[in-house]
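J.: Line by line, the protein sequences give chains A and B. Counting in our numbering, the first sequence runs from 1 upward without gaps. Counting in our numbering, the second sequence runs from 464 upward without gaps.
Derived by calculation from the structure, the hints in this document are not laboratory data. If a hint is listed, it holds; no wrong ones were tucked in.
Below 20 Å or equal to it, Euclidean Cα-Cα: the simulated DMTMM-like pairs (lysine to aspartate or glutamate) are: (1) 452/A <-> 271/A; (2) 839/B <-> 781/B; (3) 540/B <-> 398/A; (4) 452/A <-> 747/B; (5) 299/A <-> 330/A; (6) 452/A <-> 694/B; (7) 452/A <-> 35/A; (8) 582/B <-> 561/B; (9) 582/B <-> 522/B.
In this text, all values refer to a predicted model and were calculated from it rather than measured experimentally.
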Amino acid sequence: MSLAPRMVVVGAGPAGVRAAQALVEAGVRPVLVDEGQRDGGQIYRRQPEGFTRSYARLYGSEADKAARLHRDFDALRGRIDYRGNTLAWNITSNELHVVHGQHTATVPFDAIVICAGAVDRLLPVPGWQRAGCYSLGAAQIALKAQACAIGARTVFLGSGPLLYLAAKQYVEAGAGVVAVLDTAPSARSWAAISGLLARPRLALRGLAMLRTLRRAGVPLLTGVHPLAIDGDSEEGVSAVRVRDARGIEHRFDADAVAIGWHLRAETQLADLARCEFVFEPQSRQWLPRIDADGRSSVKGVYLAGDGARILGADGAEAAGRLAALAALADLGHSTGAALYEKAAAESRRTLQRMDRFRSGVISAFPWPHEHAAALPDDTVVCRCETITAGELRRSVGELGSREVNRAKAFSRVGMGRCQGRFCGHAGAEIVAAAAGVPIESVGRLRSQAPVKPLVMNAREVQA
Amino acid sequence: MTAATHSDVLVIGGGLMGTSAAFFLRRQHRRSVTLLERELIGRQASGTNFGNVRRQGRDLAQIPLANRARAVWGRIKGLLGEDLEFVPHGHLRVCYTEAQAAVLETYAREVGPLGLELKLFTAEGLRRRWGIFSNEIVAGSLSPRDGHANPRLAGPAFARAAQRDGARVVEHAEVLHVERDGGGFVAHTAGGTHHGEQLLVCCGAWSNRIAAVFGERVPMEARGPQMGVTEPLPYAIGPSIGLSSPIETEGLYFRQIRRGNVVFGGGLKGPALTDQIRAYVTPDNTLRQLRELRRFVPAFANVQLIRVWSGIEGYTMDWAPVVGASATTTGLYYAFGFNGEGFAIGPGVGEVMAELIATGATSTPIEAFSIGRFVKAAQRAA
Chain A
1 MSLAPRMVVV GAGPAGVRAA QALVEAGVRP VLVDEGQRDG GQIYRRQPEG
51 FTRSYARLYG SEADKAARLH RDFDALRGRI DYRGNTLAWN ITSNELHVVH
101 GQHTATVPFD AIVICAGAVD RLLPVPGWQR AGCYSLGAAQ IALKAQACAI
151 GARTVFLGSG PLLYLAAKQY VEAGAGVVAV LDTAPSARSW AAISGLLARP
201 RLALRGLAML RTLRRAGVPL LTGVHPLAID GDSEEGVSAV RVRDARGIEH
251 RFDADAVAIG WHLRAETQLA DLARCEFVFE PQSRQWLPRI DADGRSSVKG
301 VYLAGDGARI LGADGAEAAG RLAALAALAD LGHSTGAALY EKAAAESRRT
351 LQRMDRFRSG VISAFPWPHE HAAALPDDTV VCRCETITAG ELRRSVGELG
401 SREVNRAKAF SRVGMGRCQG RFCGHAGAEI VAAAAGVPIE SVGRLRSQAP
451 VKPLVMNARE VQA
Chain B
464 MTAATHSDVL VIGGGLMGTS AAFFLRRQHR RSVTLLEREL IGRQASGTNF
514 GNVRRQGRDL AQIPLANRAR AVWGRIKGLL GEDLEFVPHG HLRVCYTEAQ
564 AAVLETYARE VGPLGLELKL FTAEGLRRRW GIFSNEIVAG SLSPRDGHAN
614 PRLAGPAFAR AAQRDGARVV EHAEVLHVER DGGGFVAHTA GGTHHGEQLL
664 VCCGAWSNRI AAVFGERVPM EARGPQMGVT EPLPYAIGPS IGLSSPIETE
714 GLYFRQIRRG NVVFGGGLKG PALTDQIRAY VTPDNTLRQL RELRRFVPAF
764 ANVQLIRVWS GIEGYTMDWA PVVGASATTT GLYYAFGFNG EGFAIGPGVG
814 EVMAELIATG ATSTPIEAFS IGRFVKAAQR AA
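Okay, chain A solo, but in the shape it has when bound:
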């Protein structure tokens, strides 16, 4: 091809940085758009300028990987068009629409590699709208980015690797951890992850986290049923109540609570790009359809990292590189095609291994959909619009919704600022249970622009 292909990468986490690096290796100068203030994504989030904590302190066992990614990114800086603090708010077939502060711009592309990452998968708990209730990811960001804790006495509630990791990081930072409350039954502990053999080092790290928490005297309960986050509108969170596996109720006084049930892929941009989605029964969520190398159903749109499949950081690095090279090969870029030929088989093997582990994590820390379906009617499900489970059920029972977009139209669940990113999965479970139909039949919320709220003052800058 005569002209260098116009390549865009969204996201500067492990997948995005490796994608950009592969493009540079092939002699292409990509545009790298990232929402973050600095590169690294969520897992390898870099602390703000002027902070001086060591890699070991910030990233623990993953310090070397974080350092490597940051170093490699720094080396790329002069060879890519890096646009930090920039939100990709919309996309058309050949243009990405971005906003930086109040300035909007259009970035044309021949191919785009979307590495949008993941965010906490949240289950509503009665009282989760109170001040002092954060997601596990937010609790971790407070610590990583700003060296702050979300509270002096924090309860960690949910399930998944991040539940234990965030609690452990709080303990090590000297922040008060009141309890770790896991909805997964104890029979499916870290040691029982069926994909253990796929990634032994990672599973062992899980066991080490448990030891740290036990040594610190943090109560660990498994198989809990969340009952409520107590508190009031003045003081926020005051306690967390759960019922344990034997049916005994426990109350933990706290001034903050971090909740999360593993992760959900950030798929809005892929949806706006009109990619096809498929239902993934094991995790009970809709994900964009991709092939082994990250090709979506839309020509020129590639997906990599946790935004496509929750494989974790190592998987994201491999997937980002592979998707970028696949994109170049598909465009007929000869250097890119050669690199793709060389790397594809090995990368695919890596990703397959990661996928076995992913599957193990999902069965070890299942999404407790039965809790969502059984939420009391007065529980706020949609925090943006303050809509309760009862109102959502009314849109099914009385108003006849059998599908989530219809339930949204009637009840407003998913219409607010987050567009269902945080309530959508639980909302779908409530609709499916109330309608008495399988979860996959209620569909998924259609994304609408902007990907995240866009200030009205946004205006185009003339280049």
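Here the structure of chain A is known, so what remains is to put chain B in place on it, guided by the hints.
T.: Positioned in the frame of chain A, the structure of chain B alone reads:
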């Protein structure tokens, strides 16, 4: 499973026109009714429009119909058991130029005798009453008894009320073919055949598929309105507000709902893919709307847009709707092609169509909207 149904009236299309017609056919005329909807009730133009309940600004020929519709809106809670979030807090039109102010004045003078009293405002008067507009605004015109409502709720609420009154409403029933059946009609769907003595076609932008069968194709194109909504703000704006301008790119209207969000739309339309039943908001249109919103109400500059959406509307060549009896076929009726302003008059169209179908006549003048005008235009052109 295939079924065969027989009704006095077969309605094809489950938007606001079809559902309200079905409702009034049952409630006021006791006709048996079957309504067929291809996907879900009120999904396209009916469910995605702005939600204006506006008489002001309409073509004068539409005012009697709009007045009748406004009367239905006033009784909506009693009729349906829910208010559809209808708030009669007025409809305000403002403008940027003296020339347009003169247009507003003329319109107010002409529409008054038709039963719509408007109140004119100077820039100073607008400032005192609302205090939100930019200095560019020179004049305004308020229709105090107009207002706005929630379009997402309207069609489904009429359909449920019609069902409670005994109408048969069938969703996911795409009509594959329609033909005459003795003196009546029969519609074939994958799930069965539906017979009706009379047929009402109100399939919005898709209506030509059926009208063409009866030799009455209307020059009409499909377009998508470009809608958006902000984060919630303190509730402060009662009326629905629109800019009156001959320049399409600066077109804009907005309203604030009770929970505080500002809903807006206007300006250029977006692509509408009738085969895929999808319409999109283009990023350029969103950015243009943000620019025009800031120009219109400077305080909006710091507000956040949280979501945009579109739907599919039918726009006729002469910007007038098709409402009334077929010009070729006895027992066949139409209500479609509302040019992006059907919501306000929808319940009135439903009531009028029910009256026309059941009694053969209506007290509301609708001759100007006859489908026959296109046939005559085509003949004149030939």
